[in-house]
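**Q** As they're listed, the protein sequences go chains A and B.
Using my numbering, the first residue of the first sequence is number 1, and each one after it goes up by one.
Using my numbering, the first residue of the second sequence is number 1001, and each one after it goes up by one.
For the record, the hints were derived by calculation from the structure and aren't laboratory data.
Glycine included, every Cβ here is placed at the ideal spot set by N, Cα and C.
Careful: at least some of the hints might be erroneous.
Label-pair restraints from in silico Cβ distances [what the hints assert, rightly or not]:
(1) B:Asp1277 - A:Gly103: 31 to 41 Å
(2) A:Ser106 - B:Leu1594: 34 to 44 Å
(3) B:Glu1534 - A:Ser86: 47 to 57 Å
Sample of chain A residues facing chain B (criterion: CB under 8 Å; computed from the structure) [what the hints assert, rightly or not]:
(4) Asn6
(5) Thr13
(6) Gly14
(7) Gly16
(8) Leu20
(9) Phe24
(10) Glu29
(11) Asn31
(12) Leu33
(13) Lys34
(14) Glu44
(15) Met46
(16) Trp60
(17) Cys119
(18) Asn120
(19) Arg131
Below, each chain spelled out in residue letters.
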Amino acid sequence: MAKMINVDIEKCTGCGVCELQCSFRHHGEFNPLKARIHKTIYIEQMMAVPVLCRQCEDPWCARICPAGAITKGIDTHSGAPVVTVSEEKCVGCKMCVLACPYGCISVGDGGVAEKCDLCNGVPQCVKFCLRGALSFSDAAEDMLDRKQKVADALLTAYQEA
Amino acid sequence: MMYGWTGNILRVDLTTGTTTVEPLDRDKAKNYIGGRGLGVKYLYDEIDPAVDALSPQNKLLFVTGPLTGTGAPGANRYVVVTKSPLTGCIANSTAAGDFACTMKYAGYDLIILEGKSEKPVYLWIDDDRIELRDAAEIWGLDSEETIKAVQKATSLRAKVACIGPAGENLVRFACVMNDAGRAAGRSGVGAVMGSKNLKAVAVHGTKGVKVADRAGFYQAMDAAFKTLEYEYVEEFHQTGTPGVLSLVHEFGVLPTRNFSVGVNDFADKISGETLADTLSVRKRMGVACPGCPVACGRVTKISTGKFAGQGFGPEYETIGMFGSNCGVDDFEAIAAANFVCNRMGMDTISTGNSIASAMEMFEKGLIPESDIGFPLEFGDADAIVKLAQMTADREGFGDVLADGSYRMGEKYGTTDYFMGVKKQEFPSYDPRGLQGMGLGYATGPRGACHIRGEAQDLDLYGVMNWRLTADRGLEVLDPLRSDDKPPLVKDVQDWFTMIDSCGMCNFMFFLMVDEDQMRQLIETATGVDMGGYEGFMRTGERVFNIETLFNRRAGITNEWDTLPKRMLETPMPAGPAKGQVVRLAEMLPEYYELRGWDDNGNISDAKREELGLA
């Protein structure tokens, strides 16, 4: 399986560095409201959850786009699947905003749809996530790692029982 | 168009209810940067430092820095600047949180609050729309309730800074609280807010922060993040500030029973490791302030028993003051006392330290039991929680504690048991085993403090990877040596002034982001050339000196640059620092000379001219 931005909720501290770096990269300013990744903090539980575009296999945003501006392709730098918006074709109708179940596409000041484009293969949110809650990695391998962690915990429990 | 800075000041006259937006003075911004420096400069220019801190003539400033709200690591701070009702000196208390960044996103570098409202009000800032609203219904609520109520009345996305009952009751060390348990903690800035009948400031902002040199800023930011990728940061993340308790105890300087000794037999029961493994809601894990890759914050929960509850903290200083310094080894009681302080909006350091002082004075027979209402002995876990609440409410003996332990000493005939400087209580380091810290405490413009020149870091960690130590070819420092400390303390004070001014958290620098990296961040964000390392340090020196000028004009002479008799005359009775006193008399003359001050601690004309201080 190819690379994607994976989230390990266990490690997220809610710092929002991802939001700041995303808006700086795409809009040249630090502004969480313009970021294409968004974290929600559940402070009483000391948890936080980042939400970002999943680069769907069959993206609803692309399906619904009347201008044919949204397409699914492969990022040439990283080989990762990516859903991109053509600024030339986009008419700013916001149908994609209605369609996306994750709220991860929006129409900003520029009048065209904006979404995660993987930053030419080096996602800045991932690069600056020092706690490792975000990783740009092979999803299948990521899942194997998680399964191994579960196995480790099971073994410990078994031995202690 | 300004970069880094927003270029706007919001001025609110609470007496008349008028609000105006005015441009930021570019020269002041260039020479004093922001946060602590810029706030002090504006306050110095706008009020007579001799005014009563709780009178309408005092002003209350909320100030961000040019890096606040940017992606520089830990650039999330604002500073509350005013004249302190506790010390009579300059007060500048910093806090992190969404409030600081959002104030910047709304478009303001400073909010200047002046006068006094006739009735309780709160300020609601929604980008350019500014409104003073009636606060009758929220007056009296604790800080957590206030934040929720104000958000409900304005916007759930609003970020709120407020006072709790302690600020309303003019407790001399009341805080301004914001977001999740964050506090502009020291010197009673919350009491000044209370004296103005201002309950809260809510802010919502949609604008971003732009920088002057995008590529340059990215490079500086990248470099700063890279320096934070090493193992100690991971440790700090896991145990937070309480993690330093074990180290402080190892040096024999963990204040115990009102600073009578620096070691005890229960330090491991109240250590950061213990907290991270027990009361912490998530084990060995911290939560972050905005934009911070370290995440040292803590949420703790006590599930059952008389102290059951949940809240933020406790941080190291709180554990030291309510814990070891009160002789209390019950972590649940320490956390519960912390929760009370957070909700009431009250400085945990001054509260804990003052209670310890009262405990000693009671045990020595100086405060009668009838005044307190019960026997107040060291180690009384219930008493710290109870007295914290009474202090916030100014109920019974709490009314005495609410004026701080210096004034309590005056009331009962001796200030010998006040452990602090300039009427502000010590934080959690006994300076007898940390000579540099002793000098730092004595000379700090806002009184005893651990973050206005972290001299304790030099002493505790030997040498930090800072240019000011590297340039001197230092490899290791001896905390018990005093002759090498004056130049280091001066420089570290000047440098930390810059940290508090730029809008970044000082832990970034404690964790190795260095002077040049910070200078590059400020320069590329603002487009202002700071004149290299020398110019950068001179800016810090300028701020430090104007704070001292403020104090002198407020009538605070250098007679206050001293330590309690116990620190100067009573040798540490036990532990690694046994036999030590702070050799302040040896260090102070050299320190004054390095500062360009005369023997009376007054700034020489030559130094004023060099720094451009009128």
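**Q** Should the interface hint for Gly14 of chain A be scored as holding, given a Cβ-Cβ cut-off of 8 Å against chain B?
**A** OK, holds: Gly14 of chain A within 8 Å of chain B, min 6 Å.
**Q** Holds or violated: is there a CB of chain B closer than 8 Å to the CB of Gly16 of chain A?
**A** Interface hint status for Gly16 of chain A: holds (5 Å vs cutoff 8 Å).
**Q** Does the nearest C-beta of chain B fall within a distance shorter than 8 Å of the C-beta of Met46 of chain A?
**A** Status holds, d = 4 Å.
**Q** Would you check whether Lys34 of chain A satisfies its interface hint, that is, whether its CB is within less than 8 Å of any CB in chain B?
**A** 6 Å, holds
**Q** Quick check on Phe24 of chain A please, does its C-beta sit within 8 Å of some C-beta on chain B?
**A** 6 Å, holds
**Q** Grab the minimum C-beta distance from Arg131 of chain A to chain B and call the hint holds if it beats 8 Å, violated otherwise.
**A** Holds - the Cβ of Arg131 of chain A comes within 8 Å of chain B, reaching about 7 Å at its closest.
**Q** Restraint: Trp60 of chain A near chain B, CB-CB cut 8 Å. Satisfied or not?
**A** 27 Å, violated
**Q** Quick check on the hint: Asn6 of chain A CB to chain B CB, less than 8 Å?
**A** Where the cut-off is 8 Å and the nearest Cβ of chain B is about 19 Å from Asn6 of chain A, the hint is violated.
**Q** Does the nearest C-beta of chain B fall within a distance shorter than 8 Å of the C-beta of Asn31 of chain A?
**A** 3 Å, holds
**Q** Minimum Cβ distance from Thr13 of chain A to chain B below 8 Å?
**A** 4 Å, holds
**Q** Quick one: are Glu1534 of chain B and Ser86 of chain A within 47 to 57 Å, going by C-beta?
**A** 52 Å, holds
**Q** Min Cβ distance, Cys119 of chain A to chain B: is it shorter than 8 Å?
**A** Where the cut-off is 8 Å and the nearest Cβ of chain B is about 12 Å from Cys119 of chain A, the hint is violated.
Violated hints, in rising order: 2, 4, 16, 17 and 18; the structure is consistent with all others.
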